[in-house]
Amino acid sequence: MKALLALAAVSLAFVGCVAGAVVTEPPAATMTPTTKPAETAPARPVDPGQELAAVSASHPTAAAADAMAKCHIGDMVVIEKVAGMAQLPTAAELLRYVPLTGREPQLKEAGPVWVIQIKGDVHQMGGEIWTNPICVVTESDFGYFATGPVTNTATGKTIQPEAPAVAPDRILPPLAP
Amino acid sequence: MTSNGEVNVRRAASVLAALMLLGLVLAPATVTGAMPQCVAPSANKFLGNGMSPSGLKGVYTEIERLGKQLCTQGASQLGSWSLSWISLDGPSTSSPGINIFQGGYAQCPPPANGSCPYNGGVLYFWDYYAHEQSVACGAAYNTGFINYGNPSSGYHFFQISKVSTHYNFYIDEVLRDQISLASIETCWPVIVGGEWQNEMLNNNDQGGGHVSNPQGFHKNQYQTSTGWHNANRTLGSNCDANSYPAHWHCNSSSTSANYFDAYDDRVP
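Protein chains in written order, with the working numbering: chain A, 1 to 177; chain B, 1001 to 1268.
For reference, chain A alone in the conformation it holds in the complex:
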């Protein structure tokens, strides 16, 4: 939808298309990035942390199955692409496991959260492929975050997401059989 937003520029700022025009490429960026690319997140020493219960791929609990469904595991993302999954006691704990920036509004939500780490590519609206994204399910919200490389499908250009202020120091457990 960079392409689409591009296209939305209908004589307007979005679509860059005039009537009958062929839309094949996104428009040139018109604004400078507001965030820095990933590169320099300071590392923390690996912390074994608390032991998180592994989720069974074949017999997940109802809550785990609900989280998988909200993240479209099995319906859009094959389960073999799940690199790690766990329930964390608080949303703030996410920063110990996945490379979020720390400014995500979901981090302020109360209650436990599910996090699913994907290994591989996932198509996105907007002409992008997200590599190694994560899906987070809170008590009131769910969705995917671009925590890995983002590739523009029209240009083939790949950009890195903003690095977290402090790199994660814990690892999510892989799925159990």
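The hints are simulated quantities; they were obtained by calculation from the structure and are not laboratory data. All of these numbers come straight from a predicted model, not from anything done at the bench. If a hint is listed, it holds; no wrong ones were tucked in.
No more than 30 Å apart at the CA atoms, straight line, and that leaves these computed lysine-lysine pairs for DSS-like:
(1) B:Lys1162 x A:Lys108
(2) B:Lys1162 x A:Lys70
(3) B:Lys1057 x A:Lys108
(4) A:Lys119 x A:Lys108
(5) A:Lys108 x A:Lys70
(6) A:Lys81 x A:Lys108
(7) A:Lys81 x A:Lys157
(8) B:Lys1057 x A:Lys70
A partial selection of chain B residues facing chain A, derived with a Cβ cut-off under 10 Å:
(9) Pro1041
(10) Trp1081
(11) Ser1092
(12) Ser1094
(13) Pro1096
(14) Ile1100
(15) Pro1117
(16) Asn1119
(17) Gly1120
(18) Tyr1129
(19) Glu1132
(20) Gln1133
(21) Ser1134
(22) Asn1147
(23) Cys1187
Covered stretches of chain A, going by a simulated chain B footprint (3 or more residues, C-beta under 8 Å):
(24) 113-124
(25) 142-152
(26) 159-170
From the three backbone atoms N, C-alpha and C, an ideal C-beta is built for every residue, glycine too.
We have chain A already, so just place chain B on it with the hints.
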């Protein structure tokens, strides 16, 4: 938004005849059973219209539920989908992600493809919210496709509009989803346009509807602080976006300024 109860099936016989004739004359590879094999590269492709009125805060359309075919997969999986939707759009920058709140119909390939939720291969209602990576809201984020069930035949109404403390998504005038004001007005942080689109990932995904029954977007309207307005276009004009004019076609109605139709000439 007031209800538009009547189902408008705008198929003037003369227009249809012309479209069918056009399909017969121009379609070099008419497909009757399946779409051609998917071709690389897959990238987001569009067939529809957009507007950018000042103070935009809502969009509305009525879209017929039509069958949509996807490209035929070969040895390797290529991105594929066929969608019809409306949206509110935020600015597009070079940061990862997009700023959009959209919803409509989705036809998606099996999960091994990784494009969008399969739903057993059945076309379904959906919506989707996303924001770019930003100082205000951190990493690029989206809800993914949220499935609201399988539509019956006929026309269905889609509306996104700002109501009090939320932006709401309605199907057939029933509230299906709410996005907080902050999700748009902080994370985007402004609305720059609205769209009425068909979207495909592959040139051999079906673009819009059929030669005999184009994918109509009817009674297209947008909302500003002064109320709802018709999203009028020049009668008979081409759509703003057509990523594959060799087979996809999209024109405003010759009789109703806030209607447009889209079809794929490979699908009779």
